[in-house]
Structures are given as C-alpha cells and as structure tokens.
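Chains B and C: place on chain A using the hints.
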Amino acid sequence: MNEITVQSKSRTDFIDITSSVQQFADGIGMKDGLITVFVPHTTAGITINENADPDVPADMETVLDRMVPWSGGYRHSEGNTAAHVKASLMGSSVQVIVKNSKLCLGTWQSVYFCEFDGPRTRKIWLKESV
Amino acid sequence: MNEITVQSKSRTDFIDITSSVQQFADGIGMKDGLITVFVPHTTAGITINENADPDVPADMETVLDRMVPWSGGYRHSEGNTAAHVKASLMGSSVQVIVKNSKLCLGTWQSVYFCEFDGPRTRKIWLKESV
Amino acid sequence: MNEITVQSKSRTDFIDITSSVQQFADGIGMKDGLITVFVPHTTAGITINENADPDVPADMETVLDRMVPWSGGYRHSEGNTAAHVKASLMGSSVQVIVKNSKLCLGTWQSVYFCEFDGPRTRKIWLKESV
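Chains as they are written, first to last, in the working numbering: chain A, 95 to 224; chain B, 95 to 224; chain C, 95 to 224.
Careful: at least some of the hints might be erroneous.
Each pair may be met inside one copy or between any two copies, as identical chains are not told apart.
Within a straight-line C-alpha distance of at most 16 Å, the following computed EDC-like cross-link-like pairs (lysine to aspartate or glutamate) qualify [stated by the list, open to error]:
| hint | residue 1 | residue 2 |
| --- | --- | --- |
| 1 | LYS193 | GLU97 |
| 2 | LYS217 | ASP110 |
| 3 | LYS103 | GLU155 |
| 4 | LYS103 | ASP126 |
| 5 | LYS196 | ASP120 |
If you're looking for bench data, these hints aren't it; they were derived computationally from the structure.
Predicted model only: the values in this text are computed from it and were never measured.
Okay, chain A solo, but in the shape it has when bound (with noise of 0.2 Å):
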C-alpha cells in the first residue's frame, strides 16, 4: 500500500491525481493488473471523469452543491453533513486498469480526488492486484 498527500485550495476542491496514480504504478514497475485508489476519508470521495474541460469539474461542484445543499437543517452537530452525502455520492474508491506498465484511461478521463470539506490537507491510499 501506498501513500500520497494531496492540499485542497477550497470547501470543495476536485483535484487531479492521475499522474501521481501513474507514478505509483510505475514506482512498483507493475506491468499489468489493478490499482485501488482509496480515501480514507469522511468528507472527501473520489471520481473519473473529463480532465479537457475544467468547466466540467466547476459544473460537477456546482451540482452536487444544488442537490446537497450545505445548510439544511441537518441534525450533525459539525456543520457538514452535506460534505458527507457528497463523500458517498462519489464513493470512497475507483479501480483503474493498467496494461503494458500504463494506466488504461478513456481519451477524456483522469481520476479527481473531490474535497468536500475543504481547505485541508488529505491523505490518498493506493493498492495494486494482479
């Protein structure tokens, strides 16, 4: 298992980190199988979606911000149970594919980290299978 750390800039921050995905991969010289990349967090999740368009992301937070609305009279007394649904929404893993030595990705997608209860400082978990 492996570690990266990530720094969110904002409350919700969709950060890329399929290069330091690559780099993992490369780390172990894996050449084909599987990489889970995990967070283990509570208010942050992780997704794969378009890396072109940075409007895309600013869309995707705008979004989830209108479904899961920060204040809604909620009953957690820490303020930021709508970080929570959004963590969940997006789900705590992706797996990735590699083949020859190389992350398997569509010509569009990168794998985001999604802060959700930013600014802070978070920590990414990688684990390859064969």
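Same frame as chain A, now just chains B and C:
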C-alpha cells in the same frame, strides 16, 4: 466467497458491518490484499462513511430521502423505485485494503450496509483478492 | 483486458450487459475471482440494478433526469454537464464476484451500462483479478 446476514429494522437503515468484514479477514487468515464487499440486492447498497456520530448516517438517510422521494409518480408497480435509485447512488460494492491482517480504514470510517426498502433480512458477500 | 462494444439508442439508455460479462468469464476460462467492469467514457456510467421489470431502469433514468436536469445554467460549453454528473453518480466501474465459473449476482441483479449522452457507440473494458 463468504456470506454474512444482517437484519434491517426500518425502511431506511444504515448498519455498520465493519467488524464482520474484519472477522472475515481474520477467518481466512488474510495478511495483505483487498476485500470486495458486495450487496446482492437491488433495493440496498453499501458505502463507507463516518461512525463517530450516529447523526451522520441519520442525516444521510434524510438527505437521500429528500433527493429521491418515496412517492414520485414512478412507473414500477412495486412502489419501491426510490429504493432502487438510492441503491445505485450508494453502489453495490466497496473495496477495503487489508494490511498486516487489519482493514485499512480512516480514523472515522466504517463500512455501512444501506437498507432502502426494509425491514428485511439481507445478505452481503465478501471476496478477497491479492 | 477485454473490450466489448454497445450501441445506445437514446440520450439516456440503460443497457443490460450481464451476458457479455459472463461470456468474458467463459472465454478466459475463469473459475473463481473478481471481474472489474470499467467504462472509459465521461458521459456514461455503470451500475447494478433490477432486471425483472423494465420500469425500474426507466424510472431510474427519470429520477436521475429530475435530480440533474439537462439545462441548468452550466458553464461547460458542450452542453452535456448533466451527463458528466450522472456518470459520476453511477460510477465508472463495478465489481462482480465469480464462483465456479459463474457470475455471482443476486436473483434480480443485472449489470447495466448507463448511457447519459447518447445515442453513441460505446466501449466497456473487462479485467479479471484473482
């Protein structure tokens, strides 16, 4: 593959199954690898989220009910369309990394079975990979 | 890694690909393990849900359209932001356990490719792990 059984208590019910997943790892003598936790139902899902404050899963249930109301003019004659949608929003499986025989989860993370059409007796399947 | 191709028929279209996933397992002579089904697109996703009543996927399409309307004052100039968001809500991959050469799915479960910006010709990648 191993199977565990849970009993949900109400229509929507998040049940912490983390200790059962750890017991599965213990039982097969797993040292390092990945466990896939899979829900073989279509009106229940699975997610990883906070276990410290019971208001968090309670709020999540409330928010999901707001996002996908039980009554919505749906076509499905069984009347539980909302449960099907929420099952897919949470997802049918999660992955948990195992290291030195212990589940690798963040400080506040637990694995939750998510009932959306209970109360029912439900099954969860566990599968290790290396 | 193996690739299958599907042709969606409308903007939103849930396509049952379970038999293709079973054929992949048969083709590689897989006995026990896990199959990762991965969608290399950013406006389509994948989920597991009910196959008995076609009203279930039809309702799911309707509910997702209500949650994330096609027109929403989005910034992304291609105009398909809603499809990107719905792709991430469903997710880019599912895991299916294989036992005794058969996919382990619940009685009512099928694997659905989820088109959100069709009609298009789409690819799905399959990868086994042990």
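Status of the hints after comparison with the structure:
no., hint, in the structure
1, LYS193 x GLU97, "between (22 Å within a copy, 13 Å between copies)"
2, LYS217 x ASP110, "within (14 Å within a copy, 23 Å between copies)"
3, LYS103 x GLU155, "within (14 Å within a copy, 29 Å between copies)"
4, LYS103 x ASP126, "neither (34 Å within a copy, 34 Å between copies)"
5, LYS196 x ASP120, "within (8 Å within a copy, 26 Å between copies)"
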